[in-house]
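Undergrad: If you follow the hints, you should be able to join the two separate chains into one complex; please do so.
From first to last, the protein sequence lines stand for chains A and B. Here the first sequence stands for residues 1 to 469, numbered as in the numbering used here. Here the second sequence stands for residues 470 to 773, numbered as in the numbering used here.
Just so you know, the hints here were simulated from the structure itself, not pulled from any lab data. Predicted model, so just to flag it, every value in this text is computed and none were measured. One or more of the hints may lead you astray.
What follows is a list of derived Cβ distance ranges for each label pair [stated by the list, open to error]:
(1) Gly-621/B <-> Ala-369/A: 49 to 57 Å
(2) Leu-562/B <-> Ala-292/A: 46 to 54 Å
(3) Leu-562/B <-> Glu-61/A: 53 to 61 Å
(4) Thr-632/B <-> Leu-293/A: 29 to 37 Å
Beta carbons are placed, not taken as given, at the ideal position from N, Cα and C, and that holds for glycine.
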Amino acid sequence: MPVLVMCALSLVSGAVLAFSDEFGATTDPDALTVWLFDPTHADMFRGSPETREAGITPVTEQFENLTGRAVDVQLVGVRPLDLRLMSMSQSGATGPFVPDLVEIEINSIGKYFRGPKSSVGLLPLTDRLREAGLLDDLLSSRVAPWTKDGEVYGVPMDVHPVALAYRQDLFEEAGIDVEGIKTWEAFHETGLEFSRYWSRHGHPEYRALEMPRTNTSILEVMLLQRGINLVDQEGQVHLDHPLTLDTLCRYVRMAAGDKVVGSQPASGAMQWARELAAGYNSSLLAPDWRLALIENYAPELAGKLRLRPLPIFEAGDVPTATWGGTGFAIPRGSDDPDAAWELLKFIMFSEAGDAARRRHTRILAATPASWDDSSLEVEHEYWGGQRVGQLNVSLARLVPRRIITPFSAIASAELTVVLMRAIAWLEDGHDPSRLPETVRPWLAQAQADVEMRIQFGRFDEPEDASHGQ
Amino acid sequence: MASKAAEVSGRRLRSSKAPWLFLSPFLLIFTVFLLYPIVRSIILSFQQTAGPGATHWVGLANYQFLIGDRLFWLACLNTIAFTVGFIVVQVPLSLGLALLLNRKDVRARSFFRFAFFATHLFGSVFIAVVFNVILGSRDGPINRVYGLLAPGEESIAFLSEPTLVLPILLVAALWISVGYGMIYLLAALQSVGRELYDAADVDGAGPVGRFLHVTLPGIRPVLVFLILIGTIGGLQLFEMPYVLYQGDGPGRRALTIVGYLFAIGFTVGDLGYASAVGWVLVLLIGFIAAAQIRLTGFGREATG
Chain A
1 MPVLVMCALS
11 LVSGAVLAFS
21 DEFGATTDPD
31 ALTVWLFDPT
41 HADMFRGSPE
51 TREAGITPVT
61 EQFENLTGRA
71 VDVQLVGVRP
81 LDLRLMSMSQ
91 SGATGPFVPD
101 LVEIEINSIG
111 KYFRGPKSSV
121 GLLPLTDRLR
131 EAGLLDDLLS
141 SRVAPWTKDG
151 EVYGVPMDVH
161 PVALAYRQDL
171 FEEAGIDVEG
181 IKTWEAFHET
191 GLEFSRYWSR
201 HGHPEYRALE
211 MPRTNTSILE
221 VMLLQRGINL
231 VDQEGQVHLD
241 HPLTLDTLCR
251 YVRMAAGDKV
261 VGSQPASGAM
271 QWARELAAGY
281 NSSLLAPDWR
291 LALIENYAPE
301 LAGKLRLRPL
311 PIFEAGDVPT
321 ATWGGTGFAI
331 PRGSDDPDAA
341 WELLKFIMFS
351 EAGDAARRRH
361 TRILAATPAS
371 WDDSSLEVEH
381 EYWGGQRVGQ
391 LNVSLARLVP
401 RRIITPFSAI
411 ASAELTVVLM
421 RAIAWLEDGH
431 DPSRLPETVR
441 PWLAQAQADV
451 EMRIQFGRFD
461 EPEDASHGQ
Chain B
470 MASKAAEVSG
480 RRLRSSKAPW
490 LFLSPFLLIF
500 TVFLLYPIVR
510 SIILSFQQTA
520 GPGATHWVGL
530 ANYQFLIGDR
540 LFWLACLNTI
550 AFTVGFIVVQ
560 VPLSLGLALL
570 LNRKDVRARS
580 FFRFAFFATH
590 LFGSVFIAVV
600 FNVILGSRDG
610 PINRVYGLLA
620 PGEESIAFLS
630 EPTLVLPILL
640 VAALWISVGY
650 GMIYLLAALQ
660 SVGRELYDAA
670 DVDGAGPVGR
680 FLHVTLPGIR
690 PVLVFLILIG
700 TIGGLQLFEM
710 PYVLYQGDGP
720 GRRALTIVGY
730 LFAIGFTVGD
740 LGYASAVGWV
750 LVLLIGFIAA
760 AQIRLTGFGR
770 EATG
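Next up, chain B with everything else stripped away, as it sits in the complex (with noise of 0.2 Å):
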C-alpha cells in the first residue's frame, strides 16, 4: 500500500516537472535574450551613461527632454509620412495585382505570382543598394538616359533632393512589398465562397456591386491584417534610409524613429535616451494597433 502510494506520489512529481523541463529551453532563451533585455532598457530609459561604473538615475529627465526635441519630433512626422504613404499604396495595389491574377484569363499566372513575389525576397538593405546606384547622379541608369533625352542639362540630384526622399523610399519599400500582400490577398480571394457571387448575380449586382459587397467583405481581415503588419513595419522603418542616404537624408527627411534612436544610441553614446525613444515608439505603435484593432473590428470576426 505504502509502495503504490509512493509510486504515484512519485509519477504525480515526474508527471508536474515534466513540462516545465520541456519548456525550460525555451524559458531560458527568452529570459536571456528577450526578458532581461526588455527590462534593463525600461531601467535604462530612466538613467544615464556612459559606460560601466558611469550610471545614474535621472528619474523622467529623458522623457520630459524628448518631449521638447525636435528632431524626435521631426522623426515620428517622416516616420509616420512613410507609414500613410506606404499602406494608401501598397494595399490597393497588392490587391490591384491579385484581382488580375486570380483571373483565369491570364496567361502564365504562376510566373507572374511568383514574379511579383519574388521581390519580397531580397533584403531591403540590398534593395537599398540597387536604388543607390540606380539613383546615382550622371553615372546611374536614369541620368544617363535623361543626359541622352536631354543633352547638355545638369543631371538630376535624385539622393540630394529633400523633396525626392520621401518618394524614393516609398517607391523602394513598395517594390518590396507589394508581392507580399498580393499572395496574401490573393489567397484570401480564393477563399471567398463562389455561390456569394452566384447570389450576387442573381440580384442583379454588376462588378462593382459584386466587388464592394462579396469581393470586400470576404477579404476584409487579410485586408485589415495587412494595414496592421504594414503599420508597424513602416513604423519601424530603418535600415531603408540607414543604407540609402547613409544617415538623415537631404533636409533630415529620412530621418525615422528607429534611425534617431540609433544614432543617439550609436553616434552620440548615450543609452539612456536612446532606451527612452525605443519605449515611446513601443507605446506609440501599441496605441495605433490597438486603435486600428478596435475601429476594424479584427479578430471579433474570426471568433464570430
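Just chain A, with the same shape it has in the complex (with noise of 0.2 Å):
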C-alpha cells in the first residue's frame, strides 16, 4: 500500500511539473541560452517581478528588441553548473544543449586552464575585447584570473574590494574608537578589550570578529593584503613564504587560544548575517556582495553597522583585498559564439546591462569607466548615512592581483589543515611563542606537497611529455 502510494505522489508531481509552465523552457529554439548560478545576477538579466511591475524593461528583453534573438536565462545551483562546464569542456561537447553563455565562479576557473589553450572549453575573447575596444576598460587585476598564458578567456563582472563592516554600537559602548585602528596587531588588542567588556556586561559570547577555524577564506584575504598567493601564475607555490607564516600564525593567535577575539561562524546559508546581528561576530570582512546580504538578513541593524577599510599588518599592505567573484565566458561548443559575444557586451559594457546591475546588486563593476555613476554617492541610512559606494571604489582601486591556478584549490586546502592543525595545538595549551616554529614544518611538507601534485598534474604538451618523472 505505501509503494502504491508513493507511485502515486510520484506520478502525479511528474505531471505538475513536466505541464507547468514555471518550468518549462522557451520555446525558441534559436533563443541564446544563459547559464547563471546566482539568482540577483537571473534578476539583472530577466528582471524582478519589483522591476518589471514598475515598467523597467528587462535586458533580455531590450537585446531582443534590438537584435531580433530571444534569451533564455536558465538558473543552475553553482556546483551543478560547474559539474556540467566541466563535462562538456572535457568531451568537447558540442550541440543545442551547450549554453551560449556562462557565468563562472572565480574560483572554479583555475581548472579550465590546466592544459594547452587549446585545450580550455572557452573561448578565448581577447582578440573580440581588443577589437570592441574594451579590453582596456577593464580592470586588469580583475582580468588576470579569467586569463591563461595571456589569453583572456572570461570576462569579469566584478572587483569586490574587502573591508571591514562592524558593530558600532557595540563598539562604541565598549568605548573602542573603529575607525582609529591602524594594524591587526591593533585590532587584535582592541578585540580583547571589547571581549573583557562585553564578558563583564552579561556577554561573554560577544566577539570581535568573524574568523572561520575550519576554512581559509578570511586567512587568504589577509594574504592578498600583503601580496601572496598561494600560487602565482608562474606556478610557484608560497605556502612556505615567510608572510604566509607569519600572517598564518597571527591569524591563529586571534582566532584560538587564550587570546582569542574571533569567533567561528555558524555553517547554513547567510548565519553569518544572524550571527552579526547577535553579536557573536562583531565585525567581519565585507566584500560589496556580503552588503545586500546584510541588509537582507539582518535589517534590524539598519544604522549599527559601519565600513572602514581593512586594517594591515605593516606598512606596504594594502587596505583591502577582493573576495571571490564571477566571470561570463562562451563556451566553445555554443552554437552561436558571434550572438553570445553580441550578448555579453550587451550585459557587461552596456549602459542598459550597468543600469540593471545597479539595480540588482550592490557589486561594483570591473569597468571603472563605470564608477563615476550617481548611485555611488548615496548615502545609505542602513549603513548610518555612509557613502558606501564611494567606499567601495576607493578600495577597489587598491586591489591586488589576484592568481587562480588549476592548483590554487589544492593549496587552499593544504593550508587548511595546517590551520585547523595549528589551532589543535594552540588549544592543546603549548606556548603560543613557539608556534611558528612549530608551524614552519607543517608549511614546508604541505609546500612539498602541493608541489608534487603540481608537477605530477601540469600538463605536458605531448612532445615532452613526461607527466612529474
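TA: Below, the structure written as C-alpha cells:
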C-alpha cells in the first residue's frame, strides 16, 4: 500500500512539473541560452517581479528588441553548473544543449586552464575585446584570473573590494574607536578589550571578528593584502613564504587560544549575517557582495553598522583585498558564439547592462569607467549615512592581483589543514611563542606536497610529456 | 520438397535471429552506457588528459603516483574505518530490532516495522541536510538545548571537530540503514522452522542456546548478505560526507575514496588520475567482497 501511494505521488508531481509553465524551457530554438548560478544576477538579466511591475524592461528583452535574438536565462546551482560545464569542456561537447553564455565562479576557473590553450573549453576573447576597444576598459587585476598565457577567456563582472563591517553600537559602548585602528595587531588588542567589556556586561559570547577555524577564506584575504597568492602565475607555491607563516600565526593567535578575539561562524546559509546581528561576530570582512545580504538578513541592524578599510599588518600592505567573483564566458561548443559575444558585450559594457547591475546588485563592476555613477554617491541610511559606494570605489583602485591556477584549490586545502592543526596545537595549551617554529615544518610539508601534485598534474605537451617523471 | 526445405531454413533463420532481436535493446543500452564507459575509463586511467585533443599516454604513471599519494591512503583509511564501524553497529542493531519485532507480544508491530524501515526511504542527501541543521552550531536544536542546560558555555561546533566526523557519519548512515537491515533479518527469522526451536527445547537449550544454535545458523545467509552489501556500500561512501561537510571535512576526516576521486576529476580536472583511483577502488571492493564470500561460504549453502 505505501508503495502504491508513493507511486501515485510521483506520477502526480511529475505531471505537475511537466505541464507547469514555470519550469518549462523556452520554446524558441534560436534563443541564446545563458546559465547563471546567482539569483540576483538572474534578476539582473531578466528582471525581478518588482522591476517588471515598475515598468522597467529587462535587459534581455532590450537585447531581443535590438537584435531579434531571444535570450533564455536558466538558473542552475553553482556546483551543478560547474560540473556540467566541466564535463562539456572535457568531452568537447557541441550542440543545442551547450549554453551560449555561462557565469563561472572565480574559484572554479583554474581547472579549465590545466591543459594547453587549445584544450580550454571556453572561447578566447582577447581579440574580440581588443577589436571592440573594451580590453582597456577592464580593471587589469580583475582580468588576471580569467587569463591563461596572455589569452583572456572570461570577462570579470566584479571587483569585490573587501572592507571591514563592524557593529558600531557594540564597539562604541565598549569605549572603542574602530576607525582609529590602523593595524591587525592593534585590532587584536582592541578585540581583547571588547571581549573583556562584554564579558563583564553579560555577554561573554560577543567576539570582535568572524574568523573561521575550518577554512581559509579570511586568511587568504589577509594574505592577499600582503601580496601573497598561494600559487602564482608561474606555478610557484608560496605556502612556505615567510609572510604566509607570519600571517597564519597571527591569525591563529586571534582565532584561538587564551587571546582569542575571533569566533567561528555557524554553518548554514547566511548564518554569518544572523550572527552579526546577535553579536557573536561583531565585525566581519565584507566584500561588496555581502552588503546587500547583510541588509536583507539583518534588517534590525539598520544604523548600527559601519564600513571601513581593512587594518594592515605592516607598511606596504594594502587596506583591502578581493574575495569571490564571477565572470562570463562563452563555451567553445556554443552554436552561435558571435551572437553570444554580442549578448556578453550588451550585458557587461552597455548602459542598459550597467543600469541593470546597479538595480539588482550592490556590486562594483570591473569597469572603472562605471565608477563615476551618481548611485555610488548615495548615503545609505542602513550604514549610518555612509557613502558605501564611494568607499568601495576607493578600495577597488587598490585591489591586489588575484591569481587562480588549476592548483590553487589544492594549496588552499593544504593551508586549511595546517590552520586547523595549528589551532588544535594552541588550544592544547602549548606555548604560543613556539607557534611559528611549530608551524614552519607543517607549511614546508604542505609546500612540498602541493609542488609534487603540481609536477604530477601539470599537463605537458605530447612531445615533452613527462608527467612528473 | 525444395519449398519445404526453404521453409524450414527460413524458420531456422528467423528463430536464430529472434533472440538477438529481443536482446538488442538491452545490448545497445548496456554497450553505450556501461561497456563503453568502463572500457574508456580503463584506457583513461593510463592517460593524462586536459580535454579533447589534449590527451597522451602515460602508462602506469597514474598508478605509480597513487601508491605514494598520502591523500589517497588517508581516504582509504577514512573509508575503511567508516565501513568497519558501520558493519559492526548496523548488523547487531538490525538483528536486535528484528528479534524484538518478531515477538508476538509486541503491540503495533506493523507500525513499528514501517516506522523503522521508513528511514530508508529518505535519500542520504536529504538526511545529510537534516543532520547539518540539527548539528548546526548555536542555532541547531542540539546546541539550543545545550545552551539551556549550560548557559554561557560556548556552543559545540559538531561539524568543525575532526574527532566527531566519523561518529556523525556513522549515526547518519545507521539512521538510514538499520531499518533496511531489520526488514531482511525479520524475513529471515520468520523463515526459520518452528520445529527447530521445538527440537532445541527438547534438548534443554535456553534462550541463548536457541539463539546461537538455531537462530543464527538459520539466518546466516542473510547476515552474510547484509555484511557484504554493507561493505560494498561503505567503501563507496560519497554523498553523505560531501553534502554534510562540503568537501574534505575538518582535518580531512571526511575524505573518502570516492570523494577523493570526485575532487581529482572535477576540482582539479585530472580525469586520468581520477580513473586510476576509481579502478583501484573497484579492485579493492572486488578483493574484499571475494574474501568475504570465500570466508563465509556465501552461496555454497544455497546450492547445498
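Undergrad: Cβ-Cβ distance between Leu-562/B and Ala-292/A: within 46 to 54 Å?
TA: Holds, since Leu-562/B and Ala-292/A (Cβ atoms, about 48 Å apart) stay within the stated range.
Undergrad: Could you say whether the range 49 to 57 Å given as a hint is met by the Cβ separation of Gly-621/B and Ala-369/A?
TA: At roughly 54 Å between Cβ atoms, Ala-369/A and Gly-621/B fall inside 49 to 57 Å, so the hint holds.
Undergrad: So does Leu-562/B sit 53 to 61 Å from Glu-61/A, Cβ to Cβ?
TA: This hint holds: roughly 59 Å between Cβ atoms.
Undergrad: Does 29 to 37 Å hold as the CB distance between Thr-632/B and Leu-293/A, or does it fail?
TA: Cβ of Thr-632/B to Cβ of Leu-293/A: about 33 Å, so the range 29 to 37 Å holds.
This entry satisfies every hint, going by the numbered hints stated previously.
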